[in-house]
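Novice: So the chains spell out like this:
4 protein chains.
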Amino acid sequence: MISAGIIGGSGYTGGELIRLLLHHPEAELAFVYSTTRAGKPLSSAHPDLLGVTDLLFTGTADPGVDVVFLCLGHGNSSEFLKQHAFSDRTRVIDLSNDFRLKEDAQFGGREFVYGLPELNREAIREARHIANPGCFATAIQLALLPLARAGVLRETVHVNAVTGSTGAGVGLSPTTHFSWRNNNVSWYKPFTHQHLGEIRQSLHALDADSGDLLFLPMRGDFTRGIFATAYTPFNGSLAEAERMFLEYYDEAPFTVVSDEPLQLKQVVNTNFAHLHLHKHEDVLLVSSAIDNLLKGASGQAVQNMNLLFGIPENSGLNLKGSIF
Amino acid sequence: MISAGIIGGSGYTGGELIRLLLHHPEAELAFVYSTTRAGKPLSSAHPDLLGVTDLLFTGTADPGVDVVFLCLGHGNSSEFLKQHAFSDRTRVIDLSNDFRLKEDAQFGGREFVYGLPELNREAIREARHIANPGCFATAIQLALLPLARAGVLRETVHVNAVTGSTGAGVGLSPTTHFSWRNNNVSWYKPFTHQHLGEIRQSLHALDADSGDLLFLPMRGDFTRGIFATAYTPFNGSLAEAERMFLEYYDEAPFTVVSDEPLQLKQVVNTNFAHLHLHKHEDVLLVSSAIDNLLKGASGQAVQNMNLLFGIPENSGLNLKGSIF
Amino acid sequence: MISAGIIGGSGYTGGELIRLLLHHPEAELAFVYSTTRAGKPLSSAHPDLLGVTDLLFTGTADPGVDVVFLCLGHGNSSEFLKQHAFSDRTRVIDLSNDFRLKEDAQFGGREFVYGLPELNREAIREARHIANPGCFATAIQLALLPLARAGVLRETVHVNAVTGSTGAGVGLSPTTHFSWRNNNVSWYKPFTHQHLGEIRQSLHALDADSGDLLFLPMRGDFTRGIFATAYTPFNGSLAEAERMFLEYYDEAPFTVVSDEPLQLKQVVNTNFAHLHLHKHEDVLLVSSAIDNLLKGASGQAVQNMNLLFGIPENSGLNLKGSIF
Amino acid sequence: MISAGIIGGSGYTGGELIRLLLHHPEAELAFVYSTTRAGKPLSSAHPDLLGVTDLLFTGTADPGVDVVFLCLGHGNSSEFLKQHAFSDRTRVIDLSNDFRLKEDAQFGGREFVYGLPELNREAIREARHIANPGCFATAIQLALLPLARAGVLRETVHVNAVTGSTGAGVGLSPTTHFSWRNNNVSWYKPFTHQHLGEIRQSLHALDADSGDLLFLPMRGDFTRGIFATAYTPFNGSLAEAERMFLEYYDEAPFTVVSDEPLQLKQVVNTNFAHLHLHKHEDVLLVSSAIDNLLKGASGQAVQNMNLLFGIPENSGLNLKGSIF
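These protein sequence lines map, in sequence, to chains A, B, C and D. Going by the UniProt record's numbering, the first residue of the first sequence is number 1, and it counts up by one from there. Going by the UniProt record's numbering, the first residue of the second sequence is number 1, and it counts up by one from there. Going by the UniProt record's numbering, the first residue of the third sequence is number 1, and it counts up by one from there. Going by the UniProt record's numbering, the first residue of the fourth sequence is number 1, and it counts up by one from there.
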């Protein structure tokens with residue numbers, strides 16, 4: 001059994017990790033660290049865990065676990081690692097954006113590998129520590145990687161992606177208020193979202209001449225999920241594009257190409273990414289749907305843990321969806 | 001023209017009052033006082049007002065207006081009136097629960113009349129100052145007043161009422177977070193909601209032997225509206241009950257008895273209360289739907305202003321609904 | 001492995017059964033019968049199954065499976081069983097209301113046991129065929145059974161329960177239209193819901209003098225879940241009531257008493273029923289939350305299958321919730 | 001008073017027209033024609049009208065009214081006009097797409113002017129009959145017209161727009177089912193929406209060299225409103241762009257440029273279009289929000305009526321919004 005600890009377990013991604021690890025056949029949840037809730041039951045923050053576990057949040061982290069997941073919010077992971085020592089064999093899987101870019105990937109003697117299995121599966125298998133990708137970054141990269149590898153992503157890509165409210169975290173703000181967000185739509189950070197860096201890094205790793213992205217992130221009036229569209233000029237046929245995607249994702253257990261147009265909910269509560277291709281004149285439209293907390297965060301973190309420890313990639317991730 | 005001021009204009013009830021008064025044919029909005037937003041345009045808090053008005057929030061209240069509406073939250077109205085003087089002729093319409101009970105109705109030389117037109121229309125016409133009813137209190141009283149007046153409300157009344165998120169105000173809290181409230185339902189303050197006092201006071205004024213209420217308030221996953229059900233033993237026929245209601249509300253321009261079962265949305269964005277009666281064996285079920293911010297707050301406040309100043313009761317209140 | 005067939009697999013309960021059985025460690029999905037979709041992939045009706053299974057709907061039912069689940073809508077199960085023969089050893093678990101009442105429980109040589117494990121666990125273990133309870137009936141019985149068994153449910157019980165749109169099935173009607181149901185609330189069948197029969201039958205089996213129910217069913221503007229409240233006079237203390245519930249549900253793996261007030265979403269996407277007790281003066285309020293498609297239908301059907309076949313009651317039912 | 005008739009009054013746009021005309025100070029609702037509901041009260045289809053009007057749907061259309069609004073669905077208006085005669089002075093305002101394109105604008109002796117006041121105000125004032133624009137077409141044109149007139153819209157425009165469920169009409173279909181649409185997002189008709197024709201026609205009328213549009217229409221999980229974004233290369237400064245918009249819309253009472261980023265709800269239940277400009281590097285992003293049933297349909301139809309009859313353009317259209 002892999003012993004796993006979670007740092008920062010009262011938020012959304014921490015909560016999903018708890019749920020996944022409690023049901024994981026080859027891992028056991030050693031501790032869930034929370035400075036604000038130490039001593040209280042996990043169900044005090046996550047009432048769905050009532051009857052599932054009697055575990056309490058802890059105020060200390062066991063330094064000898066096999067793997068520790070950091071769910072601390074951007075900028076806090078490096079600070080935490082400075083102040084807390086772990087054993088040499090403890091792997092770190094970080095869910096923040098602190099270590100995703102190559103220039104940030106060496107920290108305190110650790111090297112972090114960018115944990116998108118569809119890009120880096122073999123490197124992840126050999127890695128010790130993982131920088132888990134961003135949610136938008138996952139949805140958008142999965143829509144574009146096969147094109148970049150084929151060297152046909154040379155012009156501007158137009159990306160629109162809408163995320164649920166859990167993407168903004170558990171913190172309170174005017175735009176997370178129900179009265180504001182219900183039945184509402186808006187954009188934020190137009191063309192400057194912080195995930196662009198990791199997306200560009202991956203595309204350029206596959207093709208140094210990849211085109212740039214114009215990405216408009218949207219806030220949707222739902223709780224979970226990301227629905228992304230990306231289109232760009234494409235000279236080939238739809239069948240050629242589909243072949244590129246099918247080949248690229250041939251080994252990927254969670255990334256599936258659909259013949260039918262997508263709806264967001266078909267992936268909610270699962271670790272799947274569903275993709276769909278559509279051609280209109282010389283434009284190729286790729287659609288991509290993920291659950292932002294699973295394939296976009298905690299599910300992918302477990303997928304990375306599975307790869308790190310050499311167990312089946314989908315272990316503990318066969319989740320029942322909730323399309324209705 | 002009636003000159004009107006609003007104290008506390010950045011919340012939900014203040015916002016609705018601004019909208020109503022800007023369109024009112026016989027009133028003009030003299031000022032909207034806000035300590036936190038003084039100097040900023042009203043549209044900074046209420047962006048739907050962009051293009052409607054260029055008014056700014058003010059940090060001072062004109063003491064000479066004809067009427068001032070207090071939208072300050074419970075407990076703050078009395079404090080405000082202690083610290084701010086108004087002219088002798090300035091009427092005060094208070095939307096908090098500070099002055100609704102008879103024992104609280106005299107304050108600082110002012111006498112507040114309980115402003116439920118369906119109970120107190122003539123007294124309101126003669127009044128100088130108004131304690132505007134609570135939202136749940138309005139929906140529930142309208143379902144029960146005809147029965148109390150007829151002396152047939154002698155046993156326990158079972159009330160369930162669900163309110164939208166605007167009922168909880170603009171403040172941030174875990175239960176106003178979109179991720180929490182979306183698709184969720186819960187109750188709060190079971191059988192002890194603070195509106196019970198004013199409801200009991202009204203029922204006892206009509207019939208000292210009125211039965212008591214068991215009222216379970218619910219939080220719904222929508223923004224606006226209250227849907228209330230109240231049932232109690234009733235010996236008469238459905239037709240007799242309907243006659244009581246039709247007679248009681250004969251003069252009430254906004255309270256209408258429907259032959260068809262209700263849905264909440266049929267009153268949203270209007271000042272109407274829709275009622276429906278149903279008989280099952282010896283039980284009479286009365287359903288009641290209002291918009292919590294209009295008939296349950298700001299719309300009723302304007303209705304009271306109209307009565308105070310002797311203009312048509314529905315002036316400025318012919319609002320287009322938004323059932324879809 | 002238990003070989004299982006599903007009759008009527010394109011609706012909501014059929015879809016949930018497919019998902020549960022595909023992941024069940026001790027069952028295998030032998031066929032999913034659908035007259036309208038025979039030959040098409042399961043993912044044509046349930047796109048979340050893309051990448052999970054390549055199974056096709058069939059137009060014939062294998063008569064030799066170990067268990068067959070009927071998801072046919074009320075009134076259609078008996079008709080189906082008249083026209084289709086199964087082997088002697090094939091167990092039938094019916095999700096309609098055709099066989100729930102004692103007077104309907106013998107049909108075509110089969111005897112159906114009412115499949116509420118919290119009421120009938122031992123009888124289910126010995127049974128051959130199961131009449132799976134209704135969704136409202138499950139939520140409400142779980143709130144009341146311990147009181148009935150203790151003989152303290154002798155007065156009228158006041159029940160209000162709100163259900164999601166999946167409770168109404170996949171059929172189209174004006175009240176299932178998004179434009180109608182979004183942000184809306186309404187009741188239906190006041191005090192006469194068809195689940196009252198099975199509820200009364202169970203309560204009377206525990207205590208012939210059980211009081212009657214006044215049950216008001218509500219339509220909520222969410223997709224999944226039932227939130228029920230039931231209150232009645234109770235002479236004992238809250239601690240006494242809690243003891244009754246804890247004892248009654250001591251062996252029940254999915255029915256849990258919470259010290260904290262409930263919210264609907266804490267059970268969504270799980271097979272749990274969460275209960276909460278609250279005492280106000282001489283009134284005991286019991287709240288109950290379930291997922292209408294899981295503990296209220298397909299999850300409970302699998303729980304019954306597990307009991308029928310002598311495998312762990314929670315096998316295949318450790319589901320990750322989706323509180324956010 | 002302008003006497004007005006409505007043909008097809010039981011759907012969403014017909015319902016909004018009823019509401020608007022009942023409150024219009026210079027129009028009176030002469031009849032609402034409905035083949036399916038003749039003889040029933042308007043409130044049978046629109047329960048929010050209970051207490052507002054006792055009018056009944058009629059099975060005949062008075063041929064002598066001043067203006068008749070056709071709310072019949074695409075393709076049905078021409079058929080209706082073939083079979084029903086109106087007086088010479090009766091103006092027709094058609095809400096379908098039957099007469100919007102120049103090649104369709106002459107029909108049965110009538111000439112239809114395209115009724116987008118922000119494009120055609122003077123022509124509308126002189127017109128006899130109006131082809132009312134489409135909802136997406138309105139939102140998108142308002143975002144682009146000033147740029148086309150200035151001759152700076154020469155490259156491809158990338159448009160994404162999400163609409164509420166009322167945009168799909170009152171008909172039942174799998175994608176209008178609440179269980180499907182709640183919390184869901186999807187696209188439809190990618191790059192081929194039927195409103196592209198009228199948009200292109202308007203842009204070309206202002207600048208024959210206008211660039212083309214790539215428009216991806218989205219289905220949102222809300223009831224009312226359209227939120228559109230359009231971006232394109234732009235060489236000038238943000239201030240120059242804003243000046244173009246302010247000048248272009250100087251006389252437009254309902255089209256307002258906001259300094260702040262938009263949210264959809266700020267225009268819901270109003271006849272306003274709110275626009276916002278943002279510059280990123282050499283890209284100009286124009287955002288546009290309207291209520292699809294008001295500025296996108298029935299509100300604009302009344303605005304056109306006002307212009308046709310020479311009364312103030314905003315008469316009867318000062319509506320209270322419902323941002324919360």
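Since the hints were derived computationally from the structure, they do not count as laboratory data. Just so we're clear, the structure is a prediction, and the values are computed from it rather than from any experiment. Errors might be hidden in some of the hints.
The list treats identical chains as interchangeable, and a pair is accepted whether it falls inside one copy or across any two copies.
Here are the computed lysine to aspartate or glutamate pairs in the EDC-like style, where the Cα-Cα straight-line distance is at most 16 Å [said to hold, decoys possible]:
(1) K279 to E28
(2) K189 to E251
(3) K40 to D259
(4) K279 to E242
(5) K189 to D62
(6) K279 to D259
(7) K82 to E240
Novice: With reference to the structure, classify each hint as holding or not holding.
Specialist: Hint-by-hint comparison with the structure:
1. In this assembly of identical chains, K279 and E28 lie within 16 Å of each other by CA distance neither inside one copy nor across copies; the values are 46 Å within and 39 Å between.
2. With identical chains, the CA atoms of K189 and E251 are never at most 16 Å apart, being 34 Å at best within one copy and 32 Å at best between copies.
3. When the C-alpha separation of K40 and D259 is checked against a cutoff of 16 Å, the pair qualifies only between copies, where the shortest distance is 13 Å, while the shortest distance within a copy is 47 Å.
4. With identical chains, the CA atoms of K279 and E242 are at most 16 Å apart within one copy only, with a shortest distance of 10 Å there and 35 Å across copies.
5. For the identical chains of this complex, K189 and D62 are neighbours neither inside a copy (39 Å) nor across copies (41 Å), given an alpha-carbon limit of 16 Å.
6. Only within a single protomer do K279 and D259 lie at most 16 Å apart by alpha-carbon distance; the minimum there is 12 Å, versus 37 Å between protomers.
7. Proximity of K82 and E240 under a CA criterion of 16 Å is satisfied in neither setting, with 49 Å inside one chain copy and 50 Å between copies.
Of the numbered hints stated above, those contradicted by the structure are hints 1, 2, 5, 7, listed in ascending order.
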